[in-house]
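Top to bottom, those sequences are chains A and B. Sequence positions in the first sequence follow the numbering used here and run 1 to 293. Sequence positions in the second sequence follow the numbering used here and run 1001 to 1205.
Result set (EDC-like, lysine to aspartate or glutamate): computed pairs, CA atoms no more than 20 Å apart in a straight line: (1) B/K1053 / A/E72; (2) A/K32 / B/E1010; (3) B/K1116 / A/E70; (4) B/K1116 / A/E144.
The hints are simulated quantities; they were obtained by calculation from the structure and are not laboratory data.
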Amino acid sequence: MEPLTWVYLALLAASTAASAKSQQKTNQARAKVQAEDTRRRKEQQKQSEAAALKTQDSYFNQKQAAADREAELAQQFAPSEAPAPTTDASGTRFLSTDAPTHSTATVEATQQEMNRGRARASQRATSLAQLGAFSDAMRAAGLEAGRNAQDIGISASNLQGWTQNVLPALYAKANTAGKDWSTAADVMKLVAAVMAPAALGGGGAAAAGTEGASAGTTAADISAARFGDFATQGFQMAPSATAGVFGSTAMAPVNEAAMNAWRAYWNGLPLTGADQTALGAGFGQFPLATRGF
Amino acid sequence: MFGDGGAGREASRARNEELARQGRIARASGETRQKFRDVFSDDYYAQELAKYKAAYEPDINRQHAQAKQQMLGALMRAGLFDSSVAAKKAGEAEEALASARNEVTQRGLQAQANRKQDVAAAENTVIGQLINTADQGAAFENAASAIRTNSTPMPTPMLGQIFTDLSAGLATQADLERNRQNRYTVMGRIPGWNSGGRYTRNVGG
Chain A
1 MEPLTWVYLA LLAASTAASA KSQQKTNQAR AKVQAEDTRR RKEQQKQSEA AALKTQDSYF
61 NQKQAAADRE AELAQQFAPS EAPAPTTDAS GTRFLSTDAP THSTATVEAT QQEMNRGRAR
121 ASQRATSLAQ LGAFSDAMRA AGLEAGRNAQ DIGISASNLQ GWTQNVLPAL YAKANTAGKD
181 WSTAADVMKL VAAVMAPAAL GGGGAAAAGT EGASAGTTAA DISAARFGDF ATQGFQMAPS
241 ATAGVFGSTA MAPVNEAAMN AWRAYWNGLP LTGADQTALG AGFGQFPLAT RGF
Chain B
1001 MFGDGGAGRE ASRARNEELA RQGRIARASG ETRQKFRDVF SDDYYAQELA KYKAAYEPDI
1061 NRQHAQAKQQ MLGALMRAGL FDSSVAAKKA GEAEEALASA RNEVTQRGLQ AQANRKQDVA
1121 AAENTVIGQL INTADQGAAF ENAASAIRTN STPMPTPMLG QIFTDLSAGL ATQADLERNR
1181 QNRYTVMGRI PGWNSGGRYT RNVGG
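Isolated chain A, as found in the complex (with noise of 0.2 Å):
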């Protein structure tokens, strides 16, 4: 091979190693993202996850939670101690709110008895604060709730937000990350296909003067295997107007008159003397729609 042509060759085999090391690095880049974008997805689900296990928690966990706040309501709800019934020397009081003086008996059963009210009154409490203890306490657990939906809502949205205005130009730049190995590429392809007539065209032609010396054939035997069954069909081409309509391997220029004898004779316009002369002997004789068209 002619020194250009290994040029050539190797211009090729560059290109494409070029083209797949953009590529390789386009990928790179595009997995790169796809990784920060499942990191970030991922990040995204634990936090939604443990916003809706701490949800749970307040839900499910309501033992100590309940009674935290039944002592608070109890003490909310426990009774004040109100002033025992007096003996003091002061006297029957009308008008007072305390009780007047009574009998030692009588103070007593009284003081029994407002006892017992307030025995009454501090069961009632307590039922209350057991009543309200668990409500409260589910209340509370639905407040936390909000707050956690909240917390997921912002995690939600910074994904969001992400995806929607980061993510598209981080691809857009992940594909042009093999740009300067793709354009290296496209050069040297370029460099190559101007190159592919002087590295390729002379070597052909030798290949093939070299086989037609070896076969001992002439233009006329080449034209005759190209064009072989032309008599069979009719055609009975000259081997001179097959060589200047086709060209000969020896890149022979074209012969004018053929050529356009050619042309008239496909465009089924009618054919000269000269036309039917440089076709070859007795072309013109059959019209067109006896030879199939």
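Given the structure of chain A, go ahead and fit chain B onto it with the hints provided.
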């Protein structure tokens, strides 16, 4: 070799803007929650409840004093001042007072729960708007407005008449005791069964 057509710059800008947006949301939501927590703390709710109860206390005490006075007067008029009935009535009066206070406490707790719910809803609204707009200024303004709205005193509707029956039945009871008729038949209420002596007292003690 020929640059990336601005893709890198655009990606960097998008990343920075988004991180700034997320930062604003995180910072503003944290501050908003802190503001709500600062104002509507456990201490705040405890004080509100105490104030709520205190607001009703004078009315309860006044009504209870009046009712007790009437009860004592009725006991004296009935000649039952030094009686087991008086002792029982004193116990009932004590219980009625505690019940009235419990009622107020319950109302206060309900008002407190409603306030907590309102505050949580307001906080949720503010945070929700913040998530959508990432506007810190608007969030703080909304938070301030919500805090102001929810800081108004809890409504304390009038209690009405609460101690109505401290001396109920005393007049009848006094008449019965004076006439030694504070008894009722048990078996005698059965038609055709009038044994005459089967009574049970309707007064304890």
